[in-house]
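Visitor: Residue strings, one per chain:
2 protein chains.
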Amino acid sequence: MSYLILSILIGGIALGFALLLYFDIIKKNVGSEKMKEISKNIEDGAMTFLFREYKFILIFVLVVAIIIAIAIHYKTAVAFVLGAFFSIMAGFCGMRVAVKANVRTTEAARKGIKEALTIAFSGGSVMGMAVVGFGIIGLAALMIIFNLDTEYITGFGLGASSIALFARVGGGIYTKAADVGADLVGKVEVGIPEDDPRNPAVIADNVGDNVGDVAGMGADLFESYVGSIISAITLGAFVNVSSGNETSIFPMIVAAFGILSSIIGVVIIRTIKGNNPQKILNTGTYIAGILMIVSTAIFSTVIFGSLKFFVPVLAGIIIGILIGKITEVYTSAEHKSVKEIARESQSGPGTNIISGLAVGMKSTVIPIILISIGILISYYVCGGNSDSSQGLYGIALSAVGMLATTGITVAVDAYGPVADNAGGIAEMASLPKEVREVTDKLDSVGNTTAAIGKGFAIGSAALTALALLASYAQVVQLKSIDLLDPLTLTGILVGAMIPYLFGALTMQAVGRAANKMVEEVRRQFKENKQILEGKSKPDYKRCIDISTEASLKEMIVPGILAVVIPVFIGMFFGKEALAGMITGALVSGVLNAIMMSNAGGAWDNAKKAIEGGIYGGSGSESHKAAVVGDTVGDPFKDTSGPSMNILIKLMTIVSVVFATLISSHGGILVDLFFK
Amino acid sequence: MSYLILSILIGGIALGFALLLYFDIIKKNVGSEKMKEISKNIEDGAMTFLFREYKFILIFVLVVAIIIAIAIHYKTAVAFVLGAFFSIMAGFCGMRVAVKANVRTTEAARKGIKEALTIAFSGGSVMGMAVVGFGIIGLAALMIIFNLDTEYITGFGLGASSIALFARVGGGIYTKAADVGADLVGKVEVGIPEDDPRNPAVIADNVGDNVGDVAGMGADLFESYVGSIISAITLGAFVNVSSGNETSIFPMIVAAFGILSSIIGVVIIRTIKGNNPQKILNTGTYIAGILMIVSTAIFSTVIFGSLKFFVPVLAGIIIGILIGKITEVYTSAEHKSVKEIARESQSGPGTNIISGLAVGMKSTVIPIILISIGILISYYVCGGNSDSSQGLYGIALSAVGMLATTGITVAVDAYGPVADNAGGIAEMASLPKEVREVTDKLDSVGNTTAAIGKGFAIGSAALTALALLASYAQVVQLKSIDLLDPLTLTGILVGAMIPYLFGALTMQAVGRAANKMVEEVRRQFKENKQILEGKSKPDYKRCIDISTEASLKEMIVPGILAVVIPVFIGMFFGKEALAGMITGALVSGVLNAIMMSNAGGAWDNAKKAIEGGIYGGSGSESHKAAVVGDTVGDPFKDTSGPSMNILIKLMTIVSVVFATLISSHGGILVDLFFK
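Protein chains in written order, with full-length UniProt numbering: chain A, 1 to 675; chain B, 1 to 675.
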């Protein structure tokens with residue numbers, strides 16, 4: 001119990017640290033009136049979206065909470081509401097600060113790159129600290145309230161997952177509708193530059209960066225973070241290696257060490273001097289990782305008398321870093337894949353697309369092998385060979401290890417969109433070229449960190465979902481899940497199909513929403529000629545409304561599918577079919593997520609490489625071909641790909657929450673017809 | 001034993017019928033000297049490819065046969081060589097006749113549509129009859145030689161699979177390299193029409209239709225055909241429902257009934273009059289299906305005294321037809337998916353691609369559900385609930401049922417490329433417009449039958465691979481394959497990744513080969529200006545050589561991967577990991593195959609719909625966007641997509657053949673490190 005109180009304290013330290021960073025940011029100079037106004041527009045747009053979303057969420061959470069209270073237990077419902085609320089809080093804090101940090105980053109960019117980096121990164125750090133702070137406090141508090149009974153705590157994960165669905169899928173649709181809409185009419189049709197204040201969708205586009213990349217990514221990793229800890233706690237309860245409940249407490253302590261290490265990492269990044277943002281960010285991240293590893297090793301020796309349960313934690317963090325690096329290799333212009341896509345663009349858009357898809361497909365190989373190695377090491381080192389529950393616990397620990405330093409990972413990741421926004425503000429406020437150069441440099445580093453962050457999010461989602469699958473099997477008391485059972489087998493087939501359906505739905509949603517945006521931007525240009533002359537202000541708000549509405553409307557169907565399908569399969573076809581379905585969805589979801597994210601990132605950078613001057617540069621036929629690739633890549637990497645993470649985690653946690661119900665009452669159709 | 005001799009007799013009837021059809025075709029008029037010359041060029045090109053491929057295959061077959069003889073048993077090696085040889089024979093006969101039927105179809109098109117249809121369809125029927133004739137004779141002969149011992153017969157399936165790899169993957173690369181090369185330079189760069197004799201790659205393109213669509217599809221279905229029967233025979237040996245070996249004989253008899261029914265169907269199609277080719281083909285196919293169903297029902301009642309084992313056969317054939325229909329819905333211009341892609345082409349190539357991918361992804365839903373329903377019905381109706389070996393036997397029977405009428409399915413499918421070639425010859429020989437109109441009508445029906453055939457090939461590949469997976473589990477005596485075993489789980493992950501790798505490799509192979517073709521066509525146009533003026537003949541042979549060489553070279557890596565990976569996984573990680581791997585590959589392979597084939601077909605028809613006059617018609621911006629989609633769709637639907645069928649069947653049959661070795665000596669690494 002004392003460890004839990006300690007965890008809450010450390011969570012409190014994270015939130016306190018976030019508050020300090022917040023005060024440090026807001027006292028910075030916001031710059032000119034014009035900048036203030038633009039920033040205000042972005043902030044208002046973001047808040048409009050958030051509050052409209054919250055109304056939606058409120059209804060959703062209430063309905064689901066009532067269903068859970070009736071079908072499962074009121075305690076699970078309480079945990080569910082708390083999980084949703086804490087995820088919202090983390091996202092709200094992160095967004096609130098990000099939209100304040102952006103303009104201040106622009107202003108600081110007048111002074112130098114390190115000054116601007118510090119503010120942008122501090123903005124991202126608030127999101128990071130909020131994610132881990134709220135996450136660990138929520139979990140530890142529930143553990144105390146439920147008196148270490150792990151049964152109901154899964155509700156917390158479901159709450160987090162539900163919000164992630166709204167933030168990631170809805171946010172992904174929002175940001176891409178705005179982005180594509182702004183580009184297609186602004187850049188392509190009327191030929192004004194990116195981030196031009198005459199473009200009616202420009203504010204919506206900047207809001208989208210925050211909505212999709214800050215809040216969406218934050219909610220995604222919040223979900224993975226709490227999901228991995230929950231599965232480790234639940235599986236730990238089944239492990240008997242000592243007299244106490246050390247195995248259930250251990251994951252919390254690893255997370256707590258991770259938070260402290262992340263805070264130190266953030267402080268280091270803020271303090272050290274230099275002009276190479278990438279190097280500064282890497283230094284802080286690596287130091288945080290090493291501190292976490294060392295402290296966990298020591299603690300593991302003290303509490304278990306061996307390093308056995310430390311190994312998966314170490315494996316998790318190493319694999320997380322490696323997957324990030326691999327993502328970089330496949331999506332950065334420095335390496336051969338992106339160069340090849342750029343070269344293929346010379347023969348036209350068709351070959352650009354084929355080449356990008358091939359890169360995306362190929363990029364799945366190494367991450368999958370890494371994850372597999374991680375699973376095998378974690379399982380067998382923890383003694384899975386003689387006691388499978390210890391092995392499964394090991395797999396869950398590797399997910400915890402990968403996610404322990406989420407605080408600094410999210411900080412580095414969320415820094416990107418802040419820098420991106422800062423660049424947009426510099427453009428819109430017509431600041432000197434030097435300012436834009438600084439923000440561009442920060443932005444380009446942000447693209448790399450975003451790619452790495454995406455790889456990390458996928459890897460952690462895969463491990464978290466796997467760990468939750470193991471929890472599910474424990475709860476429904478499946479000692480084995482037999483592939484030769486036709487219910488399991490068809491479950492796998494159907495499960496593997498769902499990410500394809502989900503991918504189709506989300507891509508079409510972006511298409512529809514972008515079309516609406518295109519029409520609106522065209523309408524404004526047509527009805528008010530003064531907009532393009534710069535004499536009249538466009539109606540930014542209307543565009544924000546379109547993105548907001550479309551994103552909320554378009555996520556209803558995929559959202560309901562993700563929640564209902566597992567319960568449907570479980571209730572009608574039984575727990576074996578459901579186990580198969582989760583496995584199928586997990587495997588095919590991870591592969592599609594990697595493929596889509598990396599293909600999208602590679603297309604984006606191939607386009608940028610051509611814009612940098614190769615193969616004819618901007619405006620050439622190669623460039624036009626590369627723009628086509630980027631258009632396809634946008635929903636790939638920012639909507640459908642990341643949505644897969646949410647899908648697999650959400651379906652798994654739904655299964656875990658409804659596990660007892662399905663175990664006792666499931667398989668209605670099977671009992672009727674097949675038995 | 002008497003049933004086996006009967007099977008051989010019926011196989012003999014099929015081959016005899018094929019011979020009759022052959023004589024009927026060659027006695028038809030070949031038309032003008034010019035037509036004769038063009039047809040000769042295509043025939044020579046096809047034979048050049050075949051003999052070059054045979055040299056390659058000879059070495060491959062010898063090496064593998066030796067390995068099998070040493071590692072497994074010399075009898076398996078004999079079966080392997082026989083399977084390879086029979087598959088080659090079937091493909092050779094089919095190609096030989098197809099390249100003779102094409103020009104005669106062109107000439108018959110002068111007289112009327114029914115006359116042309118009869119010849120084109122007879123050409124396809126030779127392939128169909130050769131596939132089933134050689135298939136059943138080979139299997140029945142081996143059963144007699146090995147005295148009903150089913151252990152070695154799997155080698156026959158491996159032989160068939162190996163040839164399918166060469167024919168389908170190599171053929172797919174061949175045909176698309178020629179097609180893309182001919183189009184990019186001919187149609188796009190210099191603006192000459194399709195099938196223009198001035199295009200140096202035009203003969204290679206026509207050869208490609210035969211190589212990819214006749215020989216490739218034939219080998220693919222030959223593999224499924226024998227694979228499904230082999231798995232049913234093997235699983236039948238484990239079933240004890242009566243005193244004799246009826247369960248092992250039953251699949252052979254179903255296949256024999258299917259052959260007789262197919263022959264009757266072919267005769268009907270040749271006999272009935274009318275001007276609607278689609279209707280005529282459908283009538284024959286349906287009658288064949290009904291005859292097969294009725295005769296199987298009667299026989300099942302006689303031999304087993306119940307309809308129990310008839311139900312999966314019925315389910316198989318119905319599901320096969322339904323999957324074909326669904327494929328048509330997603331890929332035909334009559335339905336909304338293709339219309340939507342055409343509409344989205346108005347906003348450019350980017351939205352065309354997104355929309356096509358979304359259609360492909362969505363089109364996976366219903367086929368997967370159908371296959372799942374088929375599995376569940378087959379398993380439980382056959383009593384899988386009380387005796388799992390009967391249930392697994394039921395699944396294998398559904399594959400046999402789906403494939404029993406392969407004779408007529410292949411005939412209808414292979415008719416398309418013959419008609420396509422006939423149109424090309426009409427164009428190249430400058431025949432009157434009316435002739436081309438007739439061949440175009442036949443060709444457009446051929447596109448629909450090809451789409452249906454592709455759906456059928458995927459569905460049957462999935463069921464066959466599943467049945468073989470069950471055989472594998474029986475042979476290695478896995479009573480269950482536990483998903484919670486980390487070796488199985490990582491096996492699934494790695495297995496599911498392989499189709500992505502395979503897809504990337506085959507798409508890049510097409511890209512490289514097409515680039516070589518583009519360069520060659522450009523070179524010829526540049527070095528000899530008279531070619532474009534029509535005064536000098538281009539060097540067709542050089543283009544044929546390029547496609548031939550590229551296709552054989554580019555398939556080495558994917559081919560080796562498909563054969564080596566299962567053995568590698570089995571030997572180093574054990575039989576459980578291998579079982580997981582096959583499952584993962586199967587699931588993700590089927591999904592990618594459906595997605596790629598249907599997206600490709602839908603893009604193709606969206607382009608044709610625009611060429612038909614909607615959204616600006618040929619030459620408009622929408623059309624250009626749709627051409628991009630078609631370029632991406634070409635390797636999707638004709639190379640990578642169909643290659644997935646081969647991949648999953650080949651990896652599964654390799655596992656079955658090496659099952660005993662893996663069972664006794666496999667899992668070296670696991671024993672070393674994890675136990």
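Be aware that one or more of the hints could be misleading.
Which copy is meant is left open, because identical chains are indistinguishable; a pair holds if it fits in one copy or across any two.
[Said to hold, decoys possible] Taking lysine-lysine pairs in the DSBU-like style, the calculated list, with each CA pair at most 30 Å apart, reads:
#1 Lys541 / Lys336
#2 Lys336 / Lys516
#3 Lys336 / Lys553
#4 Lys34 / Lys339
Keep in mind the hints are simulated off the structure, nothing from the lab.
Visitor: Run every hint past the structure and note whether it holds.
Guide: Consistency of the hints with the structure:
no.	hint	verdict
1	Lys541 / Lys336	neither (42 Å within a copy, 35 Å between copies)
2	Lys336 / Lys516	between (37 Å within a copy, 21 Å between copies)
3	Lys336 / Lys553	between (40 Å within a copy, 22 Å between copies)
4	Lys34 / Lys339	neither (40 Å within a copy, 47 Å between copies)
Going through the hint list in order, the structure does not satisfy hints 1 and 4.
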